[in-house]
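J.: Protein chains in written order, with our numbering: chain A, 1 to 265; chain B, 1 to 303; chain C, 1 to 374.
In short, the hints are calculated from the structure, not lab data.
Heads up, the beta-carbon is just placed ideally off N, CA and C, and yes, glycines get one too.
Errors might be hidden in some of the hints.
[What the hints assert, rightly or not] Derived contacts from chain C toward chain B, CB cut-off under 7 Å, selection only:
# : residue
1 : A87
2 : A89
3 : A139
4 : D189
5 : S193
6 : I234
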Amino acid sequence: MRRKSFWSWVWIALGAIYFILPLYATFDFSLRAKKGVLSFLSYQNIFNDPNFWKTIEFSLVIAVFTIIASIILVVPTAYWIRLKLPQLRGMLEFISMLPFVVPAIVLVFGLIRVFSGAPFFLTNTFFGTDILLVAAYVVLALPYVFRSVDTGLASIDVVSLTEAAQSLGASWSTIMFKIIFPNLKVAILSSAFLTLATVIGEYTIASFMVGIKAFGPYMSLIGQNRTYESSSLAIISFMVTWGFMGLIQLFSRGKADSSSLSGAR
Amino acid sequence: MLSKQDSLLNGKRDAPKARPAPLPWRNWLGVVPFFLFAFFFIALPSLTLLVGAFRDNAGKLTLQNFVGLFDPSILNAYWVTIKISLATAIGGGLLGFLMAYAVTVGKLPNSVRTSLMTFSGVASNFAGVPLAFAFIATLGRTGLVTLLLKNLLGINLYDQGFSLYSFWGLSLTYMFFQFPLMVLVITPALDGLKKDWSEAAANLGASQSLYWRKVALPILTPSILGAIILLFGNSFGAYATAYSLTGGFINLITIVIGSQIKGDIYYNPGLGYALAVGMIVVMSVMMAIYYMLRRRSERWLRK
Amino acid sequence: MRTKTMLFVVSLVVVMSMLLAACGSTAATTAPSSGSSSMDTLVAAAKAEGNLTVIALPHDWCDYGDALAGFTAKYGIAINELNPDGASADEIQAIVANKDNKGPQAPDVIDVGYGFGPQLISDKLVMPYKVSTWDSIPADSKDPDGNWYGDYYGVLAFEVNSDVVKNVPADWSDLLKSDYKGQFALAGDPRASAQAQMSVYGAAIYNGGSADNAQPGLDFFKKINDAGNFVPVIAKQSTVAKGETPIIMRWDYSALADKDTLAGNPNIAVVYPKSGTIAGVYIQAISAYAPHPNAAKLWEEYLYSDEGQNIWLKGYCHPIRFTDMQKRNVIPADIAAKLPTFSGPIAFPTIDQINAAKKVIGDNWMSVVGADVK
Numbered sequence: 001m002r003r004k005s006f007w008s009w010v011w012i013a014l015g016a017i018y019f020i021l022p023l024y025a026t027f028d029f030s031l032r033a034k035k036g037v038l039s040f041l042s043y044q045n046i047f048n049d050p051n052f053w054k055t056i057e058f059s060l061v062i063a064v065f066t067i068i069a070s071i072i073l074v075v076p077t078a079y080w081i082r083l084k085l086p087q088l089r090g091m092l093e094f095i096s097m098l099p100f101v102v103p104a105i106v107l108v109f110g111l112i113r114v115f116s117g118a119p120f121f122l123t124n125t126f127f128g129t130d131i132l133l134v135a136a137y138v139v140l141a142l143p144y145v146f147r148s149v150d151t152g153l154a155s156i157d158v159v160s161l162t163e164a165a166q167s168l169g170a171s172w173s174t175i176m177f178k179i180i181f182p183n184l185k186v187a188i189l190s191s192a193f194l195t196l197a198t199v200i201g202e203y204t205i206a207s208f209m210v211g212i213k214a215f216g217p218y219m220s221l222i223g224q225n226r227t228y229e230s231s232s233l234a235i236i237s238f239m240v241t242w243g244f245m246g247l248i249q250l251f252s253r254g255k256a257d258s259s260s261l262s263g264a265r
Numbered sequence: 001m002l003s004k005q006d007s008l009l010n011g012k013r014d015a016p017k018a019r020p021a022p023l024p025w026r027n028w029l030g031v032v033p034f035f036l037f038a039f040f041f042i043a044l045p046s047l048t049l050l051v052g053a054f055r056d057n058a059g060k061l062t063l064q065n066f067v068g069l070f071d072p073s074i075l076n077a078y079w080v081t082i083k084i085s086l087a088t089a090i091g092g093g094l095l096g097f098l099m100a101y102a103v104t105v106g107k108l109p110n111s112v113r114t115s116l117m118t119f120s121g122v123a124s125n126f127a128g129v130p131l132a133f134a135f136i137a138t139l140g141r142t143g144l145v146t147l148l149l150k151n152l153l154g155i156n157l158y159d160q161g162f163s164l165y166s167f168w169g170l171s172l173t174y175m176f177f178q179f180p181l182m183v184l185v186i187t188p189a190l191d192g193l194k195k196d197w198s199e200a201a202a203n204l205g206a207s208q209s210l211y212w213r214k215v216a217l218p219i220l221t222p223s224i225l226g227a228i229i230l231l232f233g234n235s236f237g238a239y240a241t242a243y244s245l246t247g248g249f250i251n252l253i254t255i256v257i258g259s260q261i262k263g264d265i266y267y268n269p270g271l272g273y274a275l276a277v278g279m280i281v282v283m284s285v286m287m288a289i290y291y292m293l294r295r296r297s298e299r300w301l302r303k
Numbered sequence: 001m002r003t004k005t006m007l008f009v010v011s012l013v014v015v016m017s018m019l020l021a022a023c024g025s026t027a028a029t030t031a032p033s034s035g036s037s038s039m040d041t042l043v044a045a046a047k048a049e050g051n052l053t054v055i056a057l058p059h060d061w062c063d064y065g066d067a068l069a070g071f072t073a074k075y076g077i078a079i080n081e082l083n084p085d086g087a088s089a090d091e092i093q094a095i096v097a098n099k100d101n102k103g104p105q106a107p108d109v110i111d112v113g114y115g116f117g118p119q120l121i122s123d124k125l126v127m128p129y130k131v132s133t134w135d136s137i138p139a140d141s142k143d144p145d146g147n148w149y150g151d152y153y154g155v156l157a158f159e160v161n162s163d164v165v166k167n168v169p170a171d172w173s174d175l176l177k178s179d180y181k182g183q184f185a186l187a188g189d190p191r192a193s194a195q196a197q198m199s200v201y202g203a204a205i206y207n208g209g210s211a212d213n214a215q216p217g218l219d220f221f222k223k224i225n226d227a228g229n230f231v232p233v234i235a236k237q238s239t240v241a242k243g244e245t246p247i248i249m250r251w252d253y254s255a256l257a258d259k260d261t262l263a264g265n266p267n268i269a270v271v272y273p274k275s276g277t278i279a280g281v282y283i284q285a286i287s288a289y290a291p292h293p294n295a296a297k298l299w300e301e302y303l304y305s306d307e308g309q310n311i312w313l314k315g316y317c318h319p320i321r322f323t324d325m326q327k328r329n330v331i332p333a334d335i336a337a338k339l340p341t342f343s344g345p346i347a348f349p350t351i352d353q354i355n356a357a358k359k360v361i362g363d364n365w366m367s368v369v370g371a372d373v374k
């Protein structure tokens, strides 16, 4: 047991050094806005900018809707395919990888072309545009969400669980919400994290759909001409995203503990 | 199940199923929402890609764009991109797996696990200009680590031949989002390794390494393969990081596509679309290889 | 008596309304020329549209930040800003993709490189419009039918972090000196960025080539690379400030804007190569599919008014009506004082020359200079 722990600490320590160094280098640079002194001036400049607050709020809201939409879309589908239609699994995997090879700029212009005219007219209103943005992000997050959920499903015996539940008289919604979702808690959490991070920093789609209202284009605007502020903004967005993920983690822990059936750990 | 045991013991045929088999078409209903979504939000918009690949700048139909794919510099671009994607998928997969292992099976405290998971969430998408700059600030000519090594240990990295602005420098930078992605995706699988299995193996006298080789790794292999193909795709499609760090000087296919579709110089979207179709082809080939490998590794799981 | 007064008042009212109606209809039927009544109609129509969508306008590029804010403050029209980091092809793609879209994703106006002018016309992407100050725009900087019109230009200069580089380079040939080992970078990818490509083109003109022969530029950069002076990264303000790429080639207006922003932390020197430099001209156009055509026209009027041109001047760009404004003495003294002055040769390649050079440089960059890294 001791030996196993030792190597575990080694890997984590190595990983930690690798991750912390570049972040520390950025942080160090962001403190040098005043010549020769270390100061938080660049952070103050960001926090005093009302556009920072507006854009990050906008992107966080979009992110939350994207997370909910992707989970509702992907989890039942992946579950159903494992259960009833295993022959479709390959196609599902292939579709889930497509967002990697379709360049974001092609996707955004394609979405605009398809949904701006008849019969959808989604792009004519700001609200419709936001819906389209969420849909675009669900597409972008699809590879990560699907892979996490699929990995999670692989580690639970979907068939037995379902049959046991059905023999006890459970309806499909009970199975979904009281059995499958809690057992996939870790996988869903991973998906939520990945989706949140994807949406917050995304640039191309946001920049052509909503312009500088979103956080990604705002970061780009700052990054072009404000050296120290762009470093502090990178650190701030890192921290904000991390904080939000911590919240999601806390929220999920409270919910799931009572109904978790998994005995894996 | 009881019926199976019956047939094993008595050689009799299986007992009839307790429930009538569901109508086949109803099965397909469950996947309709997803395929509808995929049709409207992935297939239709990407149609521009397929159609545009066959048009030239004047809008006429042509195969010239696909002929352009076989230009040596473009074939080289595909090859370099595949190489960097494989390198970072496997390298990222390895360290990511080890870190995920450390916080699951390795039994590190829960606080370490939570920090690692949330941190991985953020780090997996820390890419593009901020990541490029972070690495320039660390390993560039005036980077933190470079200067540290020079001043403390007298080693001049750049004189030794290292450069951040090279294939390996870019790979190192890519790893920053590949490791965390691996951690996030493989942790559920590692969680699924039931403790009873390792205990049962130990009871039967198996050593740790035997347990891993014969029990744990075979169970994990399908998930590991799935994670690696995800890492491959993630790296294959990466654009912003590569452009910020090495744009113009390392021949990556996403950058070539970018220069045809965006940018100030070229404007040949037809060629850009054809190149993207080429990427889809490469991705499909990789997925086919992955699929083959995964089916083999799952063989013993099928009843 | 009362009937008479009544009659008088009624006829007065009738005559007045007839006069007003006549005035109104005259304004509607005659084509808008220079004259305040047509400008007012334009303003009213633009305000009715309520929004303007622009694309690829960074706030510190020719001080567009002040132009955007000034326009909204003056006319109360909100501006949607798309894709602040975009390049010319992004803007053109955005017009093409949004042909059927009247929403806020469709750009109304674009600001692209000089070389894209002919394509805008042949692809039918723009609607012609001649601003009220049309005649003071030099003839070679505009399309005679009003499809596109030059807005400003800048010239290439060295942007140097003078805290790191003590011996600031003065000319193109200095870039080959061994003092600058690992210190020079371009501000973009020559296959995608106008700034980077013009740097190579400019190098060609003053180092053995000409406006018609861009190949020597590639050879010159190969020499810089072989000398070990070239850093293969895309340089930005942050990499200059960090000292990672202390010498870069930039449009002088961007370099001067960087100098202001950094405010001595570190010190930036903006140096024009002694033997000469090259100008980059940009052009404005209104999208043929603009959802807010009147707002777009008003925006152009604003930009080409003395007020708008002076904003660009504040951002260190040479507005296209510069000579005219100088003659009429409408440039504020404080802005005039900060103007970049360069008396050496400036090359102004024609559209055909630019497009030819683009092809040569773009196609051959990788093979001649590119570190073919394996």
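J.: C/A139 was flagged as interface toward chain B. Is the shortest Cβ-Cβ separation under 7 Å?
T.: Check failed: Cβ of C/A139 comes no nearer than 25 Å to chain B, outside 7 Å.
J.: Per the CB criterion, is C/A87 less than 7 Å away from chain B?
T.: holds (5 Å)
J.: Does the interface hint hold: is C/D189 within less than 7 Å of chain B, judged Cβ to Cβ?
T.: With Cβ-Cβ at 3 Å, under 7 Å, it holds.
J.: Holds or violated: is the Cβ of C/S193 closer than 7 Å to a Cβ in chain B?
T.: Holds, because the Cβ-Cβ distance from C/S193 to chain B comes to roughly 6 Å (cut-off 7 Å).
J.: Is the interface hint satisfied for C/I234? The criterion is a beta-carbon contact with chain B at less than 7 Å.
T.: With a minimum Cβ separation of about 5 Å from chain B (threshold 7 Å), the hint on C/I234 holds.
J.: Under 7 Å, Cβ to Cβ, is where C/A89 needs to be relative to chain B, so tell me if that hint holds or is violated.
T.: With Cβ-Cβ at 5 Å, under 7 Å, it holds.
Checked against the numbered hints given earlier, the structure breaks only hint 3 and satisfies all the rest.
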